[in-house]
Amino acid sequence: METNLLEIKKLNVSFSGFHAVSDVDLNVKEGEIHVVIGPNGAGKSTLMDLLTGQTKPTSGQVLFEGNNITGKEPGIIASKYHIGRKFQGPNVFDNMTVYENVEIALKGYTTILKALTYKRTKDKKDKIKEILEAIQLFDKKDMMASELSHGQRQWLEIGMVMAQSPKLIILDEPVAGMTDVETYKTGEMVKQLAGEHTMIVIEHDMEFVEQIAQTVTVLHQGKVLAEGTFEEIKNNPKVIQVYLQDENGEGY
Amino acid sequence: MKSKLKDFPVNHYIDIALLIFLIFFPLFVKTFRVEMMSRYLCFAIFALSLDLLWGYTGLLSLGHAVLFGMGGYMIGICYQIQNGLPAFMTREGLTQIPWFYIPLKNPIAAAAIGILIPALFAMLLGFFMFSSKIKGVFFTIITLALAQIFSEFIINVQKYTNGFNGLQGVKRFAINGGEQLGKVQYYYIVLAIAVLVFIFCLWLSRSRIGKIATSIRENEARLGFFGYQSSHYKILIYTISGALAGLAGVLYTPATSSITTQDIGVAASTAVVVWIAVGGRGNLTGAVFGALFINWAQSLLSEHFSSYWQLILGGVLLAIIFFIPNGIIGQIIELQRRRTVEGVKIKEQSNANKGAGLWRQIFSR
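Residue numbers (this note's numbering), protein chains in the order written: chain X, 2 to 253; chain Y, 46 to 410.
Simulated from the structure, these hints should not be mistaken for laboratory data.
Certain hints may be false.
[Claimed, not checked] Cβ pair distances, simulated, as ranges: (1) 122(X) - 244(Y): 18 to 26 Å; (2) 183(Y) - 15(X): 30 to 38 Å; (3) 182(Y) - 233(X): 48 to 56 Å; (4) 150(X) - 75(Y): 52 to 60 Å; (5) 135(X) - 380(Y): 29 to 37 Å; (6) 139(X) - 54(Y): 15 to 23 Å; (7) 347(Y) - 120(X): 25 to 33 Å; (8) 193(Y) - 24(X): 50 to 58 Å; (9) 193(Y) - 137(X): 51 to 59 Å; (10) 139(X) - 251(Y): 16 to 24 Å; (11) 124(X) - 307(Y): 50 to 58 Å; (12) 222(Y) - 122(X): 48 to 56 Å.
These numbers were taken from a predicted model, which means no experiment stands behind them.
All residues carry an ideal CB built from backbone N, CA and C; glycine is no exception.
The task is simple: from the sequences and hints, build the whole structure.
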């Protein structure tokens, strides 16, 4: 049996009485691509905020490799437990080159003393080159991040997260605003990454979800509605109902 | 080889040209011009110190002259107490030199203290501000208030600082009552130190610490999610900047032989911001160029158009900031970069067209 890298147990958070996430249980296995879907306001991003420490849960537990990381600071979760996150919408360093963007994200040189000892050695250059090639931006390495297209900026941020060498990568809507070709390319990138990394992906684009997902969890109104493979989810009557209602704008 | 020369950053050509000009400058002008240039070189160091903080780290200080003044006053006091109790202290009723001034009697020690105190002050201030997550415009407002408070403070403790009159008769590092350095000699010393400071800033800005500082300017929150404690870096840069501003003050006071509250208040703090804005921030060359350019423009204009020179200068500054917000040097760098990037873009577009064709063939619907 595969081991669980991440276990979420009975996680709750409420903002002045509104239960954004209630009693969520979620297990992510090592090496899998786990996609979280759900209508707007289902609590997907909030759930990710709880994992990476931006929001503190009201109750419940987050276990990462068996360690309790519930309510720890975002910086600690990033540098000590190696959970990397790509935020919704490209969140990069605009007036720096593509190369510098990736270099800053490299793992292990975050304190002042470590930063002083940093040298651009061959293995670091190789690693950056490898990442830049994977995100197809190597020939643009000297361009400013602000000069890239929207899709390329999304890839750049994925590359930055890769440079962190995280054990778990969280991608928050990685293909939002991308063209079909870009979306497909992103899907292939994500699948390539899956071998070495475990991934949680939040996405709306169903074609993209079908392309990459191994396990899908559906969130609805802060609760887990269903979990399974893409096929199972697609044919789940409860999920169909929620999505149809959502599209008709009726709600409950 | 040809393309390598073309790729060499244009601002370094300007740096080298500027350096050659400054080395030969004293050979062609009268000594009082050399004296002026030494003063402006001190301003260039001062501008470099603020460029690290504002241009690279994105923290705009409107009170940087406080740190400059701390350095300057140490040397000023040093030469007041060389021959026993100075007149202004006697007038205010002091009978002996205050104990905390005694270490300043040696000019070299005073210079060291003049670098150390602003550095420590900046570190302390940075610690309180950045640990409590004060950022952006709030940092600027606090530093502005600081500049006002500091110059008021210097005026009010007249007993120790000669208040509004400032400190005069500062020697160019005469040690143990010996001869002071010649004006041209002192110019070359200041130039050498300015070059060292420039090289240090260049090294720092290209090091990982400099890149992290730039990331703080660009997107501090994102940096936090990579596990960086951005406040540590901000405190570090502020401290370094404080030390360099202090150094500039230490060199400045002997160059003019005086320091007054005019040199340390809000007006002086905003002046340096203007120099950097005109030269261009975040590339070091702009700070040096801006400081030298504006100060020369100021003095030459005032010599030739004594009644309305401020109007001319103000108009020019407004035009520069309005039409080239990157600053003069910033704009030149941008033009060079855009040219190379455009070259890449054109090459890539032809590749992309090929690529798109391939994608269409494989994934045609």
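Status of each hint after checking the structure:
Checked against the given bound of 18 to 26 Å, the beta carbons of residue 122(X) and residue 244(Y), roughly 23 Å apart, stay inside it. For residue 183(Y) paired with residue 15(X), a C-beta distance near 31 Å keeps the hint of 30 to 38 Å intact. Between residue 182(Y) and residue 233(X) the CB atoms are about 53 Å apart, so this pair conforms to the stated range of 48 to 56 Å. A beta carbon spacing of about 58 Å between residue 150(X) and residue 75(Y) agrees with the range 52 to 60 Å that was offered as a hint.
Remark: the range hint 29 to 37 Å for residue 135(X) to residue 380(Y) is upheld by a beta-carbon distance near 33 Å. Range check, residue 139(X) to residue 54(Y): Cβ separation about 22 Å, and the 15 to 23 Å hint holds. Remark: the range hint 25 to 33 Å for residue 347(Y) to residue 120(X) is contradicted by a beta-carbon distance near 50 Å. Restraint check, residue 193(Y) to residue 24(X): a C-beta distance of roughly 56 Å satisfies the suggested window 50 to 58 Å.
Separated by about 53 Å at the C-beta atoms, residue 193(Y) and residue 137(X) satisfy the suggested range of 51 to 59 Å. Taken as a hint, the range 16 to 24 Å holds for the pair residue 139(X) and residue 251(Y), whose Cβ atoms sit roughly 22 Å apart. Here the CB-CB span from residue 124(X) to residue 307(Y) is close to 55 Å, well matched to the stated 50 to 58 Å. For the pair residue 222(Y) and residue 122(X), the beta carbons lie near 54 Å from each other, so the given range of 48 to 56 Å is met.
The structure is inconsistent with hint 7 alone, although it conforms to all the rest.
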